[in-house]
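Novice: What follows is each chain in one-letter form.
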Amino acid sequence: MAHGEHAPTQAPSPSAHQHGSDLLLCCEELVIGYQGKALLPPINLQVRRGTFLAVIGRNGSGKSTWFKTLLGLQQPVSGRVFRSGPDVKSAYVPQSSGIDGMLPVRSRELVHWGRLSGWNFLRPFSTHKDRTAVEAALESAGAGPIANRPYRELSEGQKQRALLARVLATEADLVLLDEPTAAMDAVAERETMQRLAELARTQRLAVVVVSHDLRVAAEFANQLLFVDREAPAVVLGDANTVFCHPAFRHQYGDDYCPHHPPSGHPLGPAAG
Amino acid sequence: MAHGEHAPTQAPSPSAHQHGSDLLLCCEELVIGYQGKALLPPINLQVRRGTFLAVIGRNGSGKSTWFKTLLGLQQPVSGRVFRSGPDVKSAYVPQSSGIDGMLPVRSRELVHWGRLSGWNFLRPFSTHKDRTAVEAALESAGAGPIANRPYRELSEGQKQRALLARVLATEADLVLLDEPTAAMDAVAERETMQRLAELARTQRLAVVVVSHDLRVAAEFANQLLFVDREAPAVVLGDANTVFCHPAFRHQYGDDYCPHHPPSGHPLGPAAG
Amino acid sequence: ALKVVTSVSDLAALAKAVGGEHVQVTSLAPSTQDPHFVDARPHLALELNRADLLIAIGLELEVGWLPTLQNGARNNRILSGSPGYLEVFQFIRTLEVPTTRVDRSQGDIHAGGNPHFLYDPRAGLAVARGIADRMIALDGKNADAYRANLAKFTAELEKAIPVWQQRLAGLKGAPLIAYHRTTAYLADWLGFDAITYLEPKPGIPPNPAHVAQVLGLARQKKARMILQEEYYPSTTSKLVAGKVPAPLVIIPGGADFRAGQTYLQRIEELVTRLENGLKGKGT
Amino acid sequence: MDPQLVETTSWAQFWDAFELFRDPMLCALIAGSVLGFLSVYVVLRRMVFVSAAVTQSAGLGVALAFYAEIHLGLHVAPTLGAVILSLLATLLLMMDPARLRISRESMLGLAYALTGGAAILVGDRISQEAHDIQGILFGTAVLVEQPQLIAVAVVGVLTLLIHLWWFRGLTFASFDRTGAMVQGLPVRSLDAVLMISIGLMVGVSARALGALPVFAFSTLSAIAALVLDLRLPGTFLLATIAGAISGLGGYLFAYFYNFPVGASQTVLSGMIVLLALVVRGLKQLLLGRASR
Amino acid sequence: MDPQLVETTSWAQFWDAFELFRDPMLCALIAGSVLGFLSVYVVLRRMVFVSAAVTQSAGLGVALAFYAEIHLGLHVAPTLGAVILSLLATLLLMMDPARLRISRESMLGLAYALTGGAAILVGDRISQEAHDIQGILFGTAVLVEQPQLIAVAVVGVLTLLIHLWWFRGLTFASFDRTGAMVQGLPVRSLDAVLMISIGLMVGVSARALGALPVFAFSTLSAIAALVLDLRLPGTFLLATIAGAISGLGGYLFAYFYNFPVGASQTVLSGMIVLLALVVRGLKQLLLGRASR
Ligand SMILES: Nc1ncnc2c1ncn2[C@@H]1O[C@H](COP(=O)(O)OP(=O)(O)OP(=O)(O)O)[C@@H](O)[C@H]1O
Ligand SMILES: Nc1ncnc2c1ncn2[C@@H]1O[C@H](COP(=O)(O)OP(=O)(O)OP(=O)(O)O)[C@@H](O)[C@H]1O
Ligand SMILES: [Mg+2]
Ligand SMILES: [Mg+2]
Ligand SMILES: [Zn+2]
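Residue numbers (the numbering used here), protein chains in the order written: chain G, 37 to 308; chain P, 37 to 308; chain V, 9 to 291; chain R, 161 to 452; chain X, 161 to 452.
Simulated from the structure, these hints should not be mistaken for laboratory data.
Ideal Cβ placement from N, Cα and C applies to all residues, glycine included.
Where hints are given, some of them may not hold.
[Stated by the list, open to error] Computed cross-link-like contacts, DSS-like style, restricted to lysine-lysine with a CA-CA straight-line distance of at most 30 Å:
{"#": "1", "chain 1": "V", "residue 1": "K289", "chain 2": "V", "residue 2": "K229"}
{"#": "2", "chain 1": "R", "residue 1": "K443", "chain 2": "P", "residue 2": "K73"}
{"#": "3", "chain 1": "V", "residue 1": "K149", "chain 2": "V", "residue 2": "K160"}
{"#": "4", "chain 1": "V", "residue 1": "K230", "chain 2": "V", "residue 2": "K251"}
{"#": "5", "chain 1": "X", "residue 1": "K443", "chain 2": "G", "residue 2": "K73"}
{"#": "6", "chain 1": "V", "residue 1": "K180", "chain 2": "V", "residue 2": "K229"}
[Unchecked claim] Some chain V residues near chain R, calculated using beta-carbon distances under 7 Å:
{"#": "7", "residue": "D47"}
{"#": "8", "residue": "R49"}
{"#": "9", "residue": "H51"}
{"#": "10", "residue": "A53"}
{"#": "11", "residue": "N57"}
{"#": "12", "residue": "G80"}
{"#": "13", "residue": "R82"}
{"#": "14", "residue": "I212"}
{"#": "15", "residue": "A267"}
{"#": "16", "residue": "Q269"}
{"#": "17", "residue": "L272"}
Build the full structure now, drawing on both the sequences and the hints.
Specialist: Okay, here's the thing in structure tokens:
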């Protein structure tokens, strides 16, 4: 497991040999930032089918910026993002959704939008398959009871469920979720992460999630990406690798790392 | 500790005898909801100085609605909210802030607004005391480094810090925070909760926080309020009382209650 | 009865004078509307649809709005070129016809000449004659009545004109300022001197340098009054009038045909206002 | 004389002359419904004053065409100038205003003021034709000429067809731009289709009916529908119906009460909004009562 | 005659006739700066077309006053009618549009269309006086009467004073309504002060200068400032300056190049926005370069 400060980061996937077909996304010396100013060291990373990657890092470290750059919503400062093919479908839950408070859209209609991709809106009606997928997604995201409610009247957690349902309905290959469970209650959060892990495993999709709940992230994700502006560092690896990395320990303390004796103040921010 | 399903809930404060001076807010048979439809059973509750009350409950159970009703931003369906006096200053961090993405306001300017209350804007300039309080609040919320940044360019977590700083700057008696740490990283979340607990203790304010992180809530709050639409129930008490209440266990499982043997699946949603 | 529709209300008054009880007259534009822009009503479309005769000024005065009504009314009798369509400018001697190849950035709005001729009762008379001829051609059986009405109208007007001229004799050679270039025929009739216009060019609102020039000129030549139609904004005129100083005379844009005003009464009102202006009283 | 006229305009007379009113009423009906449909996008995408901006820009286009002819000796058809400038205004709408830190309405305000002012300045140098600009751009809704009716009908029907066909894509791309981009929808093309159809429809309708009723159809119809808080398809349907009623009903009102047509259509649109507000009020009252 | 006129307008002549221009220039300066200051609220509170709606409502007020006089025999001063109706429009702005599920711009659009249409309908029944409506409401900016100058100066100075004095409260209540309500600020009163000062200032300025420049001052000034991405006080300052420059500079431009005043002021406002966009572009280019 390569990991490093300043150094480009390599992403060895569980099936490193059968590359090509499994590879969905690839960052090459990708530098993200605003107005030409880099936020983080260059990121090198490959995202393959079956991956459940959790992105962690302090506030303002550039996680959301990275997502936007991956999706082409924002220009990179330098470096490149490759998609393995034009038919790789992606889906995204933004950290704060831009859906207007005036829009009289029901959650189910919102989830139906998830079934659109490319030019397939040229088919003016949704198919039976679409409707089945939408109902399944609503069910699976726990959004069944709010399916007929106007989106704008939902509580924040309910809104996140509706957006999650939409992402599930897309049947995308690559799913990027930016703190999808921030407003969800503890039960829903675990259910969601479990569901995503299951999807990555059974449907062979790649799921990338930003989360601030380190334990939940470590429990479900099969890879962690830690980004830090202070060090600066981009660290990729399994939970232990990341949690014991000096840059991580400097930010979050030693308590997450099994190789270190627990310090005096449990879970508290350590001095490094 | 009175707690009950359907039954009105009593709020015994740590200093129940010296009532009057300490009492800040009082809900009397308060029923919250929209368009005349009740969300929860009537709430009876008193909030006193020195309280750190954490509100917990599943998504869509009415926590934010309760806050808005307490602050007079929304009409109750029935019942009343009393403030102990007109000079009780309150401050509020909404779950999703309504600050326009076009507004060219710096975080420090935003925090300065926290110093306004009642008609004191008639003094056109901020005093030295104001400026000291603002700097202290920025520091204490960890928003020092972002003080000069435009609010709209902040990451979600940074925005929450700026809003927290504003609440700290108000020197209000009653502080209501609706998931103030949802977008914050784990370290910042703990720091924030610790800070709030300290404030409640040392400055004798009342702090009411909505949180989905049950462990952190239980650790810092001296009272928990659990609301549930399914039962329906409004349960007030210390962590053990609430965590072992049947309505709570129905929603969150038995694992939070020390009186119950841990079930097979750790932290998972139990069947009730 | 002969159904007659006219574009502006002065024409309606004239048509009524000539046609008397044998015609039913409607005007598309009320006197208060700027005849360059007119907002018609559906029932007027109905009138147009049934009209035997549509009378217009011509000279591009109604070019912005009449063609749509004329062509949309599904009435072949009033299409251009039919006997039921009459443009009355042909009966008068047009003034301000651009002589050189028109430099259109400078010239009047109306490339064919100034169409605001009905302020001059002599033109009104000529037009009435033309209208009578056309009515006779369309409705021969009432020809005598039309001739009689025209004769009566001519007599009245010919009696009134010298009196008006008498009352306004003081205007001869008097320096005047007008708002829009609508005064050519009036000046021709009464002999006053329109030294300059408040609009730098027709249809263009006044600008500061121009107003300063106008004011200078007005003071220098001792302008007697400022003249403008009631459908133009009076703000600037009022201020200039105050600064010259000279009375501001607001003249009606046409006969108030809806209220039953005749062409004679309309010119009488115009003359009265001008007379008051001469006495130093504004409108 | 007028009072008589008013009295005698009856249904009988109306039907007698129906052939006369058929075209303008058909035109008002089509323009009202299609603009009503589009108004949902106009209102929800926060570009309420788009029709004002587009017609102002068209005015500048006409003025510039005259200017080119007079001062530069280039022959440009005024309608071409109008089309070019209003398309430019439409393209402006396709930009993302958030990048410039301004709202879409601000952008429209900028286009409105700048083209309005510039048209007057250019008009100053082409006084001869300045008066014609209004005539070229705006009809009076009383009668329409065949070509205008055809223009409204063709643009209207095409717009409605493509909008119904692409409904799912257009709504998604309009109301959740990020989501649609991520899912690979051709958001720019969809935006272009939407904006150009709004621009065209506003242009041809204003030419036939005048600026004010077009403004009313393209905003008030959706406002009435939104106030009633329906689903998205219901909102579109209701807005279309509201537009159709305003167009047709306004014409009839103008006919029977002898009022200007455009203003009648506008006021009727407004009345429909007020009616919707009353219905909403009643609904809430009933809901509130029922649950106590 | 005209060509000569144009050539001879020089500075010397300008100073000669300065007495004539002093009042209108002072008026444009005051109106430009105060409306420029207010424009920040106008743009950030999403009510770009407020001046259009207010002046349209005032027009309806004048028409209704005439109507009352002619048909009901009540004597209502037309200006009183204008003030009442525009205050009503202002009060409409104080409502929370989100309750009705519509945006503030939609509300303005409703007010604009409804009062515009109604003014035409009412005007139709008072046709003798209808032409006065424009004259009563709108000046031409070339010259102003003493009372209008005084009105603009008094309202402008008072507005600016109260706005500077209450700056902290007004900005807080405007830009974070919930926060201000919770902290016990008199949000409704502050809103009333803001909206009424906007309504009044728009009214008196339009009366002196005309509708188009007032629209430009009250929106484009803030747009120029916002594009430059300054702090809040800097934005207010820059908007004020932009408004002042447009007002005064537009007048001078109109004088020296013989253009209509209002349109010149409007176009100059727009040019300032374009200039700000260029500055923004350069700044970003430099920033982008510098950091590579
Ligand atoms: N539009 C912008 N212009 C300039 N800087 C920006 C802009 N948006 C965000 N930033 C800055 O970029 C940095 C990274 O922001 P980003 O939103 O990616 O953080 P994040 O890791 O997602 O944080 P969080 O955990 O709080 O969501 C922050 O310091 C933020 O202030
Ligand atoms: N404007 C509204 N009209 C009708 N119902 C609403 C409205 N806003 C919220 N609700 C409903 O009221 C219920 C409570 O909402 P509230 O926002 O108070 O939940 P919450 O407890 O804060 O949830 P979360 O944990 O997700 O923030 C939800 O079911 C929600 O859908
Ligand atoms: Mg983020
Ligand atoms: Mg909530
Ligand atoms: Zn003319």
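Novice: Indicate, hint by hint, whether the structure satisfies it.
Specialist: Cross-check of the supplied hints:
1. K289(V) x K229(V): holds, 19 Å
2. K443(R) x K73(P): holds, 14 Å
3. K149(V) x K160(V): holds, 19 Å
4. K230(V) x K251(V): holds, 12 Å
5. K443(X) x K73(G): Status holds; Cα separation ~14 Å.
6. K180(V) x K229(V): Between K180(V) and K229(V) the Cα gap is close to 15 Å, so the pair holds against 30 Å.
7. D47: Since the shortest Cβ distance to chain R is 5 Å, the answer is holds.
8. R49: holds, 6 Å
9. H51: holds, 5 Å
10. A53: holds, 5 Å
11. N57: It holds, given that the least Cβ distance between N57(V) and chain R is near 5 Å, below 7 Å.
12. G80: holds, 3 Å
13. R82: holds, 5 Å
14. I212: holds, 5 Å
15. A267: violated, 9 Å
16. Q269: violated, 12 Å
17. L272: Check failed: Cβ of L272(V) comes no nearer than 18 Å to chain R, outside 7 Å.
Going through the hint list in order, the structure does not satisfy hints 15, 16 and 17.
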